[in-house]
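Position chain B relative to chain A; hints supplied.
Protein chains in written order, with numbering that gives the first Met the number 0: chain A, 0 to 465; chain B, 0 to 465.
Simulated from the structure, these hints should not be mistaken for laboratory data. Be aware that a few hints might be false.
Unchecked claim - Here are the simulated DSBU-like pairs of lysine-lysine, each with C-alpha atoms no more than 30 Å apart in a straight line: (1) K127/A <-> K95/A; (2) K39/A <-> K236/B; (3) K172/B <-> K173/A; (4) K39/A <-> K192/B.
Number of protein chains: 2
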Amino acid sequence: MDTERNFEKRFTESFAEIVENIIDLLNAKKYVAARDELLKNNEVDIAEILEEILEELGIEKTVIIFRTLPKDVSVEVFSYLPAEDQVALINVITDKEIKYIMDELDFDDMIDVLEELPANLVDKILEKTSKEERKLINTFLNYPDGSAGSLMTPYYISLNRDMTVEQALSYIKKEGMDSETIYTCYVKEKGRKLQGIISLRTLVISESDALIRDLMHEDFVSVNVHDDQEVVSDAFKRYGFLAIPVVDNEFRLVGIITVDDILDVIEEETTEDFERMAGVIDTGDAEYLDISVWKHVKNRLPWLFILMLSYVVTGGIIAGFEDVLSKVISLVAYMPMLMGTGGNSGSQSAVLVIRGMALGDVELRDAGKVLWKEIRVSLIIGLILSSLNFARIWWLDGQGPWVALVVCLSMLIIVMAAKSIGCLLPMAAKKFGIDPALMASPLIASLTDMVSVVTYFLMASLILGL
Amino acid sequence: MDTERNFEKRFTESFAEIVENIIDLLNAKKYVAARDELLKNNEVDIAEILEEILEELGIEKTVIIFRTLPKDVSVEVFSYLPAEDQVALINVITDKEIKYIMDELDFDDMIDVLEELPANLVDKILEKTSKEERKLINTFLNYPDGSAGSLMTPYYISLNRDMTVEQALSYIKKEGMDSETIYTCYVKEKGRKLQGIISLRTLVISESDALIRDLMHEDFVSVNVHDDQEVVSDAFKRYGFLAIPVVDNEFRLVGIITVDDILDVIEEETTEDFERMAGVIDTGDAEYLDISVWKHVKNRLPWLFILMLSYVVTGGIIAGFEDVLSKVISLVAYMPMLMGTGGNSGSQSAVLVIRGMALGDVELRDAGKVLWKEIRVSLIIGLILSSLNFARIWWLDGQGPWVALVVCLSMLIIVMAAKSIGCLLPMAAKKFGIDPALMASPLIASLTDMVSVVTYFLMASLILGL
Numbered sequence: 000m001d002t003e004r005n006f007e008k009r010f011t012e013s014f015a016e017i018v019e020n021i022i023d024l025l026n027a028k029k030y031v032a033a034r035d036e037l038l039k040n041n042e043v044d045i046a047e048i049l050e051e052i053l054e055e056l057g058i059e060k061t062v063i064i065f066r067t068l069p070k071d072v073s074v075e076v077f078s079y080l081p082a083e084d085q086v087a088l089i090n091v092i093t094d095k096e097i098k099y100i101m102d103e104l105d106f107d108d109m110i111d112v113l114e115e116l117p118a119n120l121v122d123k124i125l126e127k128t129s130k131e132e133r134k135l136i137n138t139f140l141n142y143p144d145g146s147a148g149s150l151m152t153p154y155y156i157s158l159n160r161d162m163t164v165e166q167a168l169s170y171i172k173k174e175g176m177d178s179e180t181i182y183t184c185y186v187k188e189k190g191r192k193l194q195g196i197i198s199l200r201t202l203v204i205s206e207s208d209a210l211i212r213d214l215m216h217e218d219f220v221s222v223n224v225h226d227d228q229e230v231v232s233d234a235f236k237r238y239g240f241l242a243i244p245v246v247d248n249e250f251r252l253v254g255i256i257t258v259d260d261i262l263d264v265i266e267e268e269t270t271e272d273f274e275r276m277a278g279v280i281d282t283g284d285a286e287y288l289d290i291s292v293w294k295h296v297k298n299r300l301p302w303l304f305i306l307m308l309s310y311v312v313t314g315g316i317i318a319g320f321e322d323v324l325s326k327v328i329s330l331v332a333y334m335p336m337l338m339g340t341g342g343n344s345g346s347q348s349a350v351l352v353i354r355g356m357a358l359g360d361v362e363l364r365d366a367g368k369v370l371w372k373e374i375r376v377s378l379i380i381g382l383i384l385s386s387l388n389f390a391r392i393w394w395l396d397g398q399g400p401w402v403a404l405v406v407c408l409s410m411l412i413i414v415m416a417a418k419s420i421g422c423l424l425p426m427a428a429k430k431f432g433i434d435p436a437l438m439a440s441p442l443i444a445s446l447t448d449m450v451s452v453v454t455y456f457l458m459a460s461l462i463l464g465l
Numbered sequence: 000m001d002t003e004r005n006f007e008k009r010f011t012e013s014f015a016e017i018v019e020n021i022i023d024l025l026n027a028k029k030y031v032a033a034r035d036e037l038l039k040n041n042e043v044d045i046a047e048i049l050e051e052i053l054e055e056l057g058i059e060k061t062v063i064i065f066r067t068l069p070k071d072v073s074v075e076v077f078s079y080l081p082a083e084d085q086v087a088l089i090n091v092i093t094d095k096e097i098k099y100i101m102d103e104l105d106f107d108d109m110i111d112v113l114e115e116l117p118a119n120l121v122d123k124i125l126e127k128t129s130k131e132e133r134k135l136i137n138t139f140l141n142y143p144d145g146s147a148g149s150l151m152t153p154y155y156i157s158l159n160r161d162m163t164v165e166q167a168l169s170y171i172k173k174e175g176m177d178s179e180t181i182y183t184c185y186v187k188e189k190g191r192k193l194q195g196i197i198s199l200r201t202l203v204i205s206e207s208d209a210l211i212r213d214l215m216h217e218d219f220v221s222v223n224v225h226d227d228q229e230v231v232s233d234a235f236k237r238y239g240f241l242a243i244p245v246v247d248n249e250f251r252l253v254g255i256i257t258v259d260d261i262l263d264v265i266e267e268e269t270t271e272d273f274e275r276m277a278g279v280i281d282t283g284d285a286e287y288l289d290i291s292v293w294k295h296v297k298n299r300l301p302w303l304f305i306l307m308l309s310y311v312v313t314g315g316i317i318a319g320f321e322d323v324l325s326k327v328i329s330l331v332a333y334m335p336m337l338m339g340t341g342g343n344s345g346s347q348s349a350v351l352v353i354r355g356m357a358l359g360d361v362e363l364r365d366a367g368k369v370l371w372k373e374i375r376v377s378l379i380i381g382l383i384l385s386s387l388n389f390a391r392i393w394w395l396d397g398q399g400p401w402v403a404l405v406v407c408l409s410m411l412i413i414v415m416a417a418k419s420i421g422c423l424l425p426m427a428a429k430k431f432g433i434d435p436a437l438m439a440s441p442l443i444a445s446l447t448d449m450v451s452v453v454t455y456f457l458m459a460s461l462i463l464g465l
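For reference, chain A alone in the conformation it holds in the complex:
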């Protein structure tokens, strides 16, 4: 059926059916038919189907079907499995099978697997590799998680500046199998210092006797092996590269990072930003359901606690105004609206400024322009919301014009203050090297809460003469 070639149809309509069908075949012990069904899918999808099979039928049945896959497919599928499923498989397959998988995996995928395995298993695997390979693996295992070094692979195509295009192409034909990518090739000096890069496209469309040194680009962009992965993903987003060279402090080429690995990094960084904006401590790449209850508590309690302290202050302010309140108790009913609208107004501005900075649209030196824009926007929004409320409070709630005036003047001031805080705080954070996302919704909302309460009760005291 042609529909299964289409990405959206496949994942909204037929994926569950595909899985169910294969599980039925396995239950009926029709292994060959199950394998044939499985092989109709892309390796990424096969990995996801195996995940489901593992969950439904357990590791024994999963190993059976895994072993029926052609060897090259099985290695690729293995690389797409979640870490805990990889460990589960490694624990039940033979040493020979483990060695085959480790030999055939792309280097960066192998490092990822080794990082997840228990130390004794890692030792067992490393025993079987050559001394040279073992040294390389150990170097890579030492790059901190989230650094450029932890993302790169040491297998790339290295050309000589004096090669002709023809020589280069036949070298690539020979060595291309083991390289992470052949679409970007690298030219190094004697001291391993990177001199230039050349794309396979250039090689393929150039005359066969042209020289690499005349064709290569020398104005390439590189990242440092210790750069954070966010720096790497920013470079990819900025330049649209397929691969980026990673160099050490002496500008020696130590590896390359390819764009497919960066798509995962971008997802991880986005998740981190979302979590920070909701006051959740980064969960890394662990899946929601796999995180234990205690870990969830540990990730969420700190911010809830810090924010609660700010409510203690807000509560203290309210307690200080108890006299005012007890005289006009109906003022309490408008508190949630004022505080809530303040918080929401502040979050809106914060998110727009945070994204603007992330995309490079808003720079720190634009602070004045941003504030001026927010003041005008908040004045208009404040006036509109106040007028609507004035009418409602006076007529519908029957509170009389003075209470309505207190609420509405407060509303105007609160919206303007909230939007100013919301736009300035993330910029201030960036100025001081703090992630602006940490300044988002919850923190701004609790700050504006204080402002709201003070404003409201001061207005009440002044206008109602309490």
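Quick look at chain B alone, frame taken from chain A:
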């Protein structure tokens, strides 16, 4: 200097200096020196430097330096300029220069430029193209913004299934110049139906007399020309492709989308999600500072207004409990804490579930598991926060044990309710085909506000016997 090759150093330390230096050279009318400085940079960076020059020195000086660039560089730089700067340039350069740029731009970039230009200018440009090209351009201009069709290019390498590798490579050498990418090549049937894909990598490492039909992959993944760009970016994230074929409803190949264009789409979609989560209507790809005050008001007022309505309900609930409140006015001081903590707890759960669904870690059928996890997490968090507060309210605030009990029991119930609402609402939204991001922070906070107020006053009435 070698440091300027490094991405991070360049953008944190030296970019402003580079720009300043070039502007100084331009002011001193040293155009050749300015051009040489400019050409030390990547085309993406040159575009950004030109943007700064345009802002500082105006369009006349910018055109002068733009014209000194080598022609191929100038076209690429042009493609990276923001839309309004492209229009500004087109308005001052000659018709001949416009024609040159339009001819040399990648097809998808040209469509983007045409979409931004005023209609009379578009007509003027289209007049100069061949009839066939004009028809193609018009078709592409008609794909709605944000669809796969609007992202694709019709220029790709089309191979014949009966070609040998050698024939294919020499065909690519001839046609590769005009193709968006040559790294993935496409094999079509007579009726333009896509049959298979083959990577340049496979071609380069295979024997020259091997046949395309034996090497090509037939289990490729495609997207439909009318699919939303989010579907396309999901496919890239899932499979790590360099390019994806775009087909029409009859599975005929109409174009391809390359990964570099998808990185921009991912940024756009992320921004949309962030904005939705803060109750801001999507700003598209317009920059914060370029959006007018009125447009900002229009993007933010609707959600503030809708949420305000929910506070009217909350206010109404409070008004109904005025008797209770007036008897123990000190209860008011704890309202912000209860409502705020409820809102924050709910947002935390919502964001985790929303991201979990976006990453495919959480499926709709996991709703039961998610709820069970949230109940346990919230029970623990609720108990911890309540105990801390109980001590504080009783001893520090001197409110006595009964008020402390009211606040703390309410806290526990509110945290548990908020986390349940926070995890279930985004899943319900997805079930009904609404973007889960719309269910995030502000909406959940205002819902939990209602729950908080009702819980709090019911507890007060019951325990304090009011």
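Enumerated hints in conflict with the structure, sorted upward: none
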